[in-house]
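Novice: Spelled out, the chains give:
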Amino acid sequence: MIKIFCYLRFSFLRLIRDPLSLGLTIFTPPFFTLFFWIVYNNSTTDVSLAVLNEDIGVETAQKRQYYGNQLILLLSDTSNINEIVNLQLVSVESEQEARTMIKKGVVHGLISVPAEFSVKCAQKREAVWYFTLQKGILYYDAVRLLLDKCNIQFNSILIGKKLLVDIKSTDFKEQTKFSIFDSFVPGLLTFAVIMLVFSVSGAVSREIESGAFIHLRMSSLTPVQMISGLSIVHFFAGIASVFVTLLTIKLSGFSFEGSFYGILILCSLTIISAISIGIIIASLARSRHKTLLASCIIMFLFILFSGIMFPVPDIEVLRLGQNTVSLFDLLPTIHLHSGLTAMLFRKAEFTDISYEYYALIFLTILLSAAGKYSLKYFVYTDS
Amino acid sequence: MDHFVYKIDSISKSFGALNVLKNVTLEIQSGSIVICIGVNGAGKTTFFKILCGLLKADSGSFYKKTAKSSQPSSVDVIGYCPQEISIWPDLTCREQMTMVARLNGMNASKSKEQVNGLLNRLQLTSKADTLASKLSGGMKRRLNLGLALVHEPEFCILDEPLDGVDLHGRKFIRDYINEISSQKKQTIIMSTHIMEEALYLNGIIVLFKNGEVIIFKSQNEFSDRISEDFLMEKAI
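Line order of the protein sequences matches chains A and B. Number 383 marks the last residue of the first sequence (our numbering); no jumps. Number 1236 marks the last residue of the second sequence (our numbering); no jumps.
None of these hints come from the bench; they were simulated from the model. Keep in mind that this is a model prediction, so the values were computed, not measured. C-beta atoms are modelled at their ideal positions from N, C-alpha and C, and glycine is treated no differently. Watch out, some of these pointers could steer you wrong.
Claimed, not checked - Label-pair restraints from in silico Cβ distances:
| hint | chain 1 | residue 1 | chain 2 | residue 2 | range |
| --- | --- | --- | --- | --- | --- |
| 1 | A | Leu366 | B | His1168 | 26 to 34 Å |
| 2 | A | Asp314 | B | Val1077 | 51 to 59 Å |
| 3 | B | Glu1027 | A | Ala370 | 39 to 47 Å |
| 4 | B | Ala1108 | A | Phe378 | 27 to 35 Å |
| 5 | A | Gly23 | B | Asn1210 | 49 to 57 Å |
| 6 | A | Thr381 | B | Lys1065 | 51 to 59 Å |
| 7 | A | Leu284 | B | Lys1185 | 41 to 49 Å |
| 8 | A | Pro313 | B | Gln1083 | 29 to 37 Å |
| 9 | A | Leu320 | B | Pro1072 | 50 to 58 Å |
| 10 | A | His289 | B | Gln1083 | 37 to 45 Å |
| 11 | B | Glu1027 | A | Val317 | 56 to 64 Å |
| 12 | B | Tyr1063 | A | Pro313 | 53 to 61 Å |
| 13 | A | Arg319 | B | Asn1019 | 50 to 58 Å |
| 14 | A | Gly211 | B | Tyr1063 | 25 to 33 Å |
Make the full structure from the sequences, and use the hints.
Specialist: Have a look at this one:
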């Protein structure tokens, strides 16, 4: 333990003596947060959805009523509910036609109103309309929130009738306004964690390249002790980065509804994974130049395939109970992003995102072990 | 300190088809100085790295024995001064020497005393709290040596410690090596390209040639062979 604290102390000194690297690690994510807020806070976006209205209507005393049409009319003009997402509705004749359009990227989802919708509305029975949204599209949660609000408004028009969509409306936090900036919040927090890959891989490769690592190898400091000392220092740098980013997000007007401790646990687990990835990169690359290149590749991998900016391709690898494990589930950041999205926008509890938690715990253990072995076999031993 | 005999027993190492070391066998009494000489690429650094445990030998072993017991034991506390300057540029001289001492199990008060003493001995006291990146080349060399010796290892491996050090610096490093060997009974094995250094230090001389070693038990024997042009023409 003394050796861990000894190495930790000197790692800390080395970290604070490189203020540029430390500053970039901690303040780049908040800077991007501020930048995104300026650019996207008041911007609008169009989201196209196919509409399959099969409602046959219902005969009432006065005239034939089409509640389905009323619902579509409400969805076609949502400016009074949300000024950020503009729904562009495209009528389709069949579900097959809608699926083809989704596949081609013409629309992002399907809203379907069943044939008996008006009948059930008139009979004061539970009427259901459905929507299917392409998972992973940008502003996914913004659209879901908007549709939910439409449903609530439609309920208020038909007082006394309970309409249900296939999502729980109570899952969404009650926000008066959902901006495009808000949809970037989980991604910005994920980015704060990803930055650690650079700082850790840089610190380790600098130590290897300076040759000073040889004195650590010659001492009785084990790879585990070295990783522990280094990780503690960079863990707190990562936490500081997450906190400053959270503070910037809060100051930009975003209201946090999810569990703060839940967010902290998710970020902490991913920070440990990011530190391990940094150690693996530095152990294999061994020079600062190669480490920088390798870290860039990893960063792009995380940004492109974690749902931060683009939809994640669903490439199924195996099934675990009810959960499908896809190829990109191997990236810890995909679970952080998904967990944060669920927490921040749907007030998800632990049970709702247990898959994300367990996946992160598993990946953290796996990556920590890989970090230890890569340091031991590629740095501690020459042959 | 107990008296040991360090045994280097038939160490061989090859890189592909190149046999760098061929059954190198050496016996070193504790507290003695061994000076390794040889042309570039003769295998001195490879030999040192194997002794340190940084490189695995293809065959052979390195161990120590006491006069009382025939049971071999491993050499645990080794100090290694690499040929290249290997220091932390963003730590001060005092900080990095303290870290190495503490990581090698020295307690806080003992390490403080040892670091101050060594800084003084290596004439680095005035630069003790200066970042290593700000030191001159010669000072960095001395710090490099200090990091190998700060934890008082029983067996010190110094790979060309005098390289790049001025005449004045060389003299006090030589004196210091002689001092720790005779007074503290630390065993020193070092390499050098400079013939005078080999003669000045009070130890046995080992010539590395084509992966094999030729041992000269004294400076006189070595000097005689030099006069026969043995080293000048065939080895060095």
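Novice: When the structure is checked against the list of hints, which entries are broken? Sort them ascending.
Specialist: Violated hints (numbers, rising): 1, 6, 8 and 10; every other hint is consistent with the structure.
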